[in-house]
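Using the sequences and the hints, build the whole thing.
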Amino acid sequence: MLDVEKIRADFPMFRNNPDLVYFDSAATSLKPQCVIDAVTDFYTHHTSNVHRGDYAIAAENDRLYDGTRSIIAKFINCDPKEVVFTHNVSASLNQVAYGLARNFLKPGDVLLTSEAEHASNLLPFFRLQEDYGIHIEYVPLDKEANLTVENFRKAMHPGVKAVALAQVTNVLGSVQPIKEIAEIAHENGALVAVDGAQSIPHMKVDVKELGIDFLGFSAHKMCGPDGVGVLWGRYDLLQQMDPIFLGGDMNARFQSCGTMQLKEAPTKFEAGTPNIEGVIGLGAAAKYLMSIGMDNIHAYEKELRAYFLSEMQKLDNVEVYNPDNEYGPIDFNVKGVFSQDAAGYLASRNIAVRSGNHCAKILHDVIGTDSTIRASLYFYNTKEEVDRCVAAVKDTNLENAVGIFF
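In my numbering, the protein residues as written are 11 to 416.
None of these hints come from the bench; they were simulated from the model.
Given the structure is predicted, the values throughout are model-derived calculations rather than measurements.
Among these hints, one or two may not hold up.
Only pairs whose alpha carbons sit at most 20 Å apart, straight line, appear in this in silico SDA-like list of lysine to any residue [as the list claims (entries may be wrong)]:
| # | residue 1 | residue 2 |
| --- | --- | --- |
| 1 | Lys-214 | Met-304 |
| 2 | Lys-153 | Lys-164 |
| 3 | Lys-297 | Ser-80 |
| 4 | Lys-218 | Asp-89 |
| 5 | Lys-153 | Asp-375 |
| 6 | Lys-404 | Ala-316 |
| 7 | Lys-324 | Ala-402 |
| 8 | Lys-153 | Ser-381 |
| 9 | Lys-345 | Val-330 |
| 10 | Lys-404 | Gly-354 |
| 11 | Lys-189 | Gly-199 |
| 12 | Lys-189 | Ala-165 |
| 13 | Lys-91 | Leu-272 |
| 14 | Lys-153 | Tyr-337 |
| 15 | Lys-371 | Glu-125 |
The following label-pair restraints were derived from C-beta to C-beta distances [claimed, not checked]:
| # | residue 1 | residue 2 | range |
| --- | --- | --- | --- |
| 16 | Lys-116 | Thr-54 | 46 to 54 Å |
| 17 | Ile-67 | Glu-154 | 47 to 55 Å |
| 18 | Phe-136 | Asp-47 | 35 to 43 Å |
| 19 | Gln-249 | Tyr-65 | 26 to 34 Å |
| 20 | Lys-116 | Glu-70 | 43 to 51 Å |
| 21 | Phe-136 | Thr-38 | 24 to 32 Å |
For each residue, glycine too, the CB sits at the ideal point set by N, CA and C.
Okay, structure coming up:
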């Protein structure tokens with residue numbers, strides 16, 4: 011079991027904000043000191059570009075930058091040359107969408123997704139409809155707004171050539187059966203792209219075991235810096251895929267007549283100067299999580315969420331939208347109070363949650379509400395914080411929620 015107090019000591023945010031209950035880690039996570047130190051060390055001791063300089067500190071940054079590929083490869087069980095650094099998961103999924111359209115799909119082909127997806131796993135593929143004539147179809151969700159293997163199997167047909175789904179959805183925290191889905195998709199000749207933004211920080215993810223083709227995730231949700239993401243892809247597919255961005259370092263040569271030759275993956279996807287310090291910080295974050303153990307993190311969070319849910323279900327003034335899920339955020343509303351007003355009242359009690367549609371507007375249409383409150387936990391949260399949050403939710407009503415604004 012985790013020593014949570016020892017873990018919390020690694021995070022300066024708790025030291026500097028001792029009264030804060032931070033339940034918004036699905037939006038972005040807090041950063042441990044080792045990640046902050048890794049980024050700061052780049053700026054204070056060895057600032058340089060990468061893959062360009064012939065001097066000592068440049069060589070050190072090459073080692074750290076490229077070394078992070080090996081760290082991430084160990085983290086998700088892949089070959090380092092399959093790890094592409096991007097700006098975030100949105101950039102990763104945009105690259106997948108562009109590459110699918112340019113290199114693998116043709117007009118009239120179908121991409122299969124679900125109504126539970128984040129905008130970053132929908133809008134890039136919407137553009138394929140407009141620009142490339144690719145059709146989007148949705149797997150029907152069950153009555154709990156979850157995706158089942160049975161429904162996916164029924165939705166598959168010969169026209170489906172690609173699938174785009176989250177491993178864990180960002181609102182309800184539904185763990186989707188990606189391994190089984192990938193098997194069905196591949197039996198039908200379809201490629202599988204996975205949004206791992208909400209799974210990678212919280213559970214052990216093995217891309218070989220899942221049997222998928224592409225995976226995207228962000229550093230900032232897994233204790234890493236902002237502005238860095240990862241695109242993992244099967245190497246044979248990355249080699250066939252055109253990059254969405256062109257520029258320095260990713261080309262082998264180009265001529266005035268307009269011809270160019272690109273380097274091999276992963277370099278061809280990393281045009282220009284990358285977020286070097288962010289990549290180094292990502293490496294530190296992944297090593298930190300592995301030192302704790304992803305299975306340990308997953309087990310602790312599952313237990314803490316179960317306690318949180320049981321306490322929330324004792325309240326008469328709350329509607330919980332994902333009571334049957336064992337994982338992910340608690341998504342709820344306070345009856346009779348607009349979600350943003352309720353979140354504002356919780357903020358007045360120094361409890362940080364998110365309100366709105368969480369970039370999942372279509373899902374909110376499905377569950378029948380415009381917006382919700384999302385309380386998302388991480389391995390640095392405690393039962394005492396849950397108790398504070400539940401007590402504040404219990405006290406929330408229209409009068410005091412609106413009253414904080416006047």
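**Prompt:** Checking against the hints above, which ones are violated?
**Reply:** none
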